[in-house]
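Protein chains in written order, with the working numbering: chain A, 3 to 97; chain B, 2 to 491; chain C, 25 to 507.
When the alpha-carbon atoms are kept at most 16 angstroms apart in a straight line, the in silico EDC-like pairs for lysine to aspartate or glutamate are as follows:
{"hint": "1", "chain 1": "B", "residue 1": "K83", "chain 2": "A", "residue 2": "E76"}
{"hint": "2", "chain 1": "B", "residue 1": "K306", "chain 2": "A", "residue 2": "E45"}
{"hint": "3", "chain 1": "B", "residue 1": "K239", "chain 2": "A", "residue 2": "E66"}
{"hint": "4", "chain 1": "C", "residue 1": "K505", "chain 2": "C", "residue 2": "E468"}
{"hint": "5", "chain 1": "B", "residue 1": "K306", "chain 2": "A", "residue 2": "D47"}
{"hint": "6", "chain 1": "C", "residue 1": "K205", "chain 2": "C", "residue 2": "E139"}
{"hint": "7", "chain 1": "B", "residue 1": "K256", "chain 2": "B", "residue 2": "E466"}
{"hint": "8", "chain 1": "C", "residue 1": "K235", "chain 2": "C", "residue 2": "E30"}
{"hint": "9", "chain 1": "B", "residue 1": "K306", "chain 2": "A", "residue 2": "D41"}
{"hint": "10", "chain 1": "C", "residue 1": "K487", "chain 2": "C", "residue 2": "D457"}
{"hint": "11", "chain 1": "C", "residue 1": "K163", "chain 2": "A", "residue 2": "E86"}
{"hint": "12", "chain 1": "B", "residue 1": "K461", "chain 2": "B", "residue 2": "D397"}
{"hint": "13", "chain 1": "C", "residue 1": "K247", "chain 2": "C", "residue 2": "E279"}
{"hint": "14", "chain 1": "C", "residue 1": "K235", "chain 2": "C", "residue 2": "E275"}
{"hint": "15", "chain 1": "B", "residue 1": "K239", "chain 2": "A", "residue 2": "D71"}
{"hint": "16", "chain 1": "A", "residue 1": "K94", "chain 2": "C", "residue 2": "D118"}
{"hint": "17", "chain 1": "C", "residue 1": "K492", "chain 2": "C", "residue 2": "D453"}
{"hint": "18", "chain 1": "C", "residue 1": "K51", "chain 2": "A", "residue 2": "D73"}
{"hint": "19", "chain 1": "A", "residue 1": "K94", "chain 2": "B", "residue 2": "D340"}
{"hint": "20", "chain 1": "A", "residue 1": "K94", "chain 2": "C", "residue 2": "D169"}
{"hint": "21", "chain 1": "C", "residue 1": "K163", "chain 2": "C", "residue 2": "E222"}
{"hint": "22", "chain 1": "B", "residue 1": "K389", "chain 2": "A", "residue 2": "E52"}
{"hint": "23", "chain 1": "C", "residue 1": "K505", "chain 2": "C", "residue 2": "D453"}
{"hint": "24", "chain 1": "A", "residue 1": "K94", "chain 2": "B", "residue 2": "E343"}
{"hint": "25", "chain 1": "B", "residue 1": "K416", "chain 2": "A", "residue 2": "E32"}
{"hint": "26", "chain 1": "C", "residue 1": "K235", "chain 2": "C", "residue 2": "E37"}
{"hint": "27", "chain 1": "C", "residue 1": "K367", "chain 2": "C", "residue 2": "D341"}
{"hint": "28", "chain 1": "B", "residue 1": "K389", "chain 2": "A", "residue 2": "D47"}
{"hint": "29", "chain 1": "C", "residue 1": "K51", "chain 2": "A", "residue 2": "E66"}
{"hint": "30", "chain 1": "C", "residue 1": "K51", "chain 2": "A", "residue 2": "D71"}
{"hint": "31", "chain 1": "C", "residue 1": "K51", "chain 2": "C", "residue 2": "D217"}
{"hint": "32", "chain 1": "A", "residue 1": "K94", "chain 2": "C", "residue 2": "D167"}
Here are a few chain B residues that sit away from chain C, every Cβ distance over 10 angstroms (derived from the structure):
{"hint": "33", "residue": "E48"}
{"hint": "34", "residue": "A56"}
{"hint": "35", "residue": "R145"}
{"hint": "36", "residue": "G274"}
{"hint": "37", "residue": "A355"}
{"hint": "38", "residue": "L388"}
For the record, the hints were derived by calculation from the structure and aren't laboratory data. C-beta atoms are modelled at their ideal positions from N, C-alpha and C, and glycine is treated no differently.
Next come the chains, spelled out residue by residue.
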Amino acid sequence: MSLDPAAVRRIARLARLRVDDAQVAQIQGELNSILGWIDQLNEVDVSGVEPLTGGAAMAMRMREDVVTDGDLVEAVLANAPDREGPFYTVPKVVE
Amino acid sequence: MFELSLAEARDALRARKISARELTTAYVGAVEALNPRLNAYITQTPEIALTQADAADAALASGNAGPLTGIPLAIKDLFCTKGTRTTAGSLILSPFVPPYESTVTANLLRDGAVFLGKANLDEFAMGSSNMTSAYGAVTNPWTRIGDSTALVPGGSSGGSAAAVAARMALGATATDTGGSIRQPAAFCGIVGIKPTYGRCSRWGVVAFASSLDQAGPVARTVEDCAILLGSMAGYDDKDSTSANIAVPDFAAACKRGVKGLRIGVPREYRMDGMAPEIDALWQQGLAWLRDAGATIVDVSLPHTKYGLATYYIVAPAEASSNLARYDGVRYGARSPGHDLTELYENTRADGFGAEVKRRIMIGTYVLSAGYYDAYYLKAQKVRALILKDFTDVFQDVDALVTPTAPSAAFGQGEKMDDPVTMYLNDMFTVPVNMAGLPGLSVPAGLDSQGLPLGLQVIGKPFDEETVFAVGAAIERAACFSATPSIRAGA
Amino acid sequence: MAYTLEGSTGTWEIVCGLEVHAQVVSKSKLFSGASAEYGGEPNSHVSFVDAAMPGMLPVINRECVAQAVRTGLGLDAKINLWSRFDRKNYFYADLPQGYQISQFAHPIVGEGVVEVILADGTTKNIGVTRLHLEQDAGKSLHDQDPSRSFIDLNRSGVALMEIVSEPDIRSPEEAGAYLTKLRQILRYLGTCDGNMDEGSMRADVNVSVRKAGEEFRTRCEIKNVNSIRFVMLAVEAEAKRQIAVWEDGGEVRQETRLFDPTRNETRSMRSKEDAHDYRYFPDPDLLPLVLDAAWVEGLKAHLPELPDAKTARFVADYGLSAYDARILVMEQATADFYETVAKGRDAKLAANWMMGDFFAALNRTGTTIETTPVSAANLAALIDLIADKTINGRIAKEVFEAMVETGDAPGAIVEAKGLRQVTDTGAIDAAVDAVLAANADKVEQFKGGAEKLFGFFVGQVMKAMQGKGNPALVNEALKQKLS
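Produce the complete structure using the sequences and hints provided.
Right under this line is the structure:
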């Protein structure tokens, strides 16, 4: 499978990465090179194989329902690039 | 002072032969002197280090010393450190000061360690050369004989490995997603271990690929790594993938020897075009182990050759999602935009470097509608086959030994023309991450140009002890005493 | 008779399914230890995990899992002992991680069913496709600043259950009945408070229309409708819009829409037009959720009696009509109140008092079963006073009004106001004699055949006795003296 320029733009948009027109061809080449190399997996017969999702072979632990965290307004907001009082801010969203 | 190993420095501190302040002052001086040449640290924290050293001296004086009291370390800048800027090697986190301490670094502080600063790395740990750091390349303290070309230290933990090799730290934290501890350890002539997935908590470590990321130490000796891992490891209820398994005495395991162990040699690792020097060193390592009483067994890992391609689906997929949080809203750098989407797109385009963007795009693509089954699901199935290969051979052997990397350190700027060329660096290390196994790199010799080469020891899940035993046996036999040309105290 | 809509080209049927988002009742969030309580200072119920700070990791809350299992059991649904969390990836200002942790491929609860009762007395089963756990998002405030939106993450990471119905709903009434019943079950289970004003329960409404016998046509999804009445209105408004589109020769486009209650119409959500590709994949920070069958059985053993079972028991044990029983079990608290009042007493009388004067008083005074000053014990005592003839039914109403006003016990009110029923036949005879003497003309008329005047004499006697005369004894004395 290989990507055309429209697909490169679509992926960049999904990933919220601004891509300038001048960059599209180069990115397209790099991604297609990687994808072409990945295509070697087509050789592998995986019929009947259960996918392996993670690195740990255990069941999930559960924590008790206790409030142990929060009330950290200043720490939570300390790194915000822009804030207003106790809020984070973004450019106005029109719904 | 710089010739002391971590274990020796610890003993000298306890015997009050040196003070923590003396030791830390020496290392702070080394960092100040050498960092302009090597760029191993992004952020230096001498004041913090000296304060910690004084506290260490007080603890030593009162007999309350922990396992690492007074030991100066470098912390890979992927570990969040409370009150100390943490960048992940990225512009997007350039202003970020965490209000929390990662579990691993908190464990080290608990045990008395001194933090010299934050070590350089490939951006978000994505790279094998440290060339992708937004804070500049790291220079390997080793050079080829008669050639001053600046070499890469490997990656992504290049700053950690270079700092330890150049005696700018007694040890360092590192992380390994596809080889990021072992390959730089090999390139810099030091030891590094990626423990079993789940051994060290991932809480507070900036995530790259969650199902593969593991923290581990780099240090100058196998025993030093064992001491550091003993502090870093341990169950953490804040990480759902942390294993609730007791941490054994890794340092003791280094003295076990290999008599009676069965060491597997995966035949698929002998790939076409492998450098003869690498192959020769591998054979030498196996001979040493045989001499020490181990049995060498030929084994097969048929799917190992697909490890890298599988990795370059799984890791970017997870990364594309893990890095979505860097959006310029709650922390980090922000580039303005007229609306929310523009703010996101500008922030992420300006804040991420080319390799990170490339991987985010690959990851986004392999998860997208219509391609998930062909790429991501397929990769998960191949991953299952890779794990099965290892599980099968570990029925018969106690550990595997392979080369760590297909070459010695290369020049800065080399292998940059095509992303895939760079990716091939990790061909021997990646399968270990895919299977979640422990893997250690130990320096075993020099190539004809005078650069260090490493051998990799792979163990069963949660059997780091055998890995340390085998690694220590190679270390003893190799008597690796070469030192890099650029180092403190030289 | 099936519900249909008439268009210019014929008769149309509605096809509707609901995705209900129900906030799980828990103290802390699904994957963090921050408070899940509604409200609070902005960004105060937020941990570093909820703010998606670098390196933060989720750890699941056992109670949220238990609540989902209880809900599944309450919906007669299959509990999946193996389930898994996936990431749903999209960017939004109130989604700090850039993904929502949800269950896409392997939900914790599988197929179930909700039986609803319609106005005509018929019942209908609405299938439940699945129930899964997921994280709520934060909140964007758009009206605080001319150029910026403000973000509050207090809701970010609170546990939600998404309960997806089959497209079995065929009318606005069925949609309303399904939501009402679902809300009732959740409230009985204590797994969701069902408070739609605070957004604890909201619905995405999928609507399409078709002609009889057709396959499904294209559907539209109306997002985030936050009252049962609005859901019913939205179903009808959207169905009518789609019929108009089809009948104009147009094509209904699959899209996300919003319901505008002030104009009673749906409109397209342009901000969501961006082609969605959520790139679901298993969350690598979490492991599979594996439940112990014995643990599930333990939860099952401790489930409360649910509305349908309670209704049946009220009919059987208290001799109520199914209709009355359903009204009394509508809310758990009402049913409990009723049982306290009815136990060991005339259950029918207790039901009449509850559904009559008691409910009327709640309505009139704007109180609820939890806040009314009339306790169940006091209402029971009032019924006891009627039963042992301490007061008659008419006085009881007066006593009840005083109870509503003061919260006092009925016995105390009766004593204080001297409302005890008079059964002394001497006093009754004296009152009867006085009334007959004062109304000699009417006595003549009565004896001349105007028998309806008997009621007049009863009224006059009771009036003379301030209503406290025992009605039976008064009747008896009058009959005797008039014969």
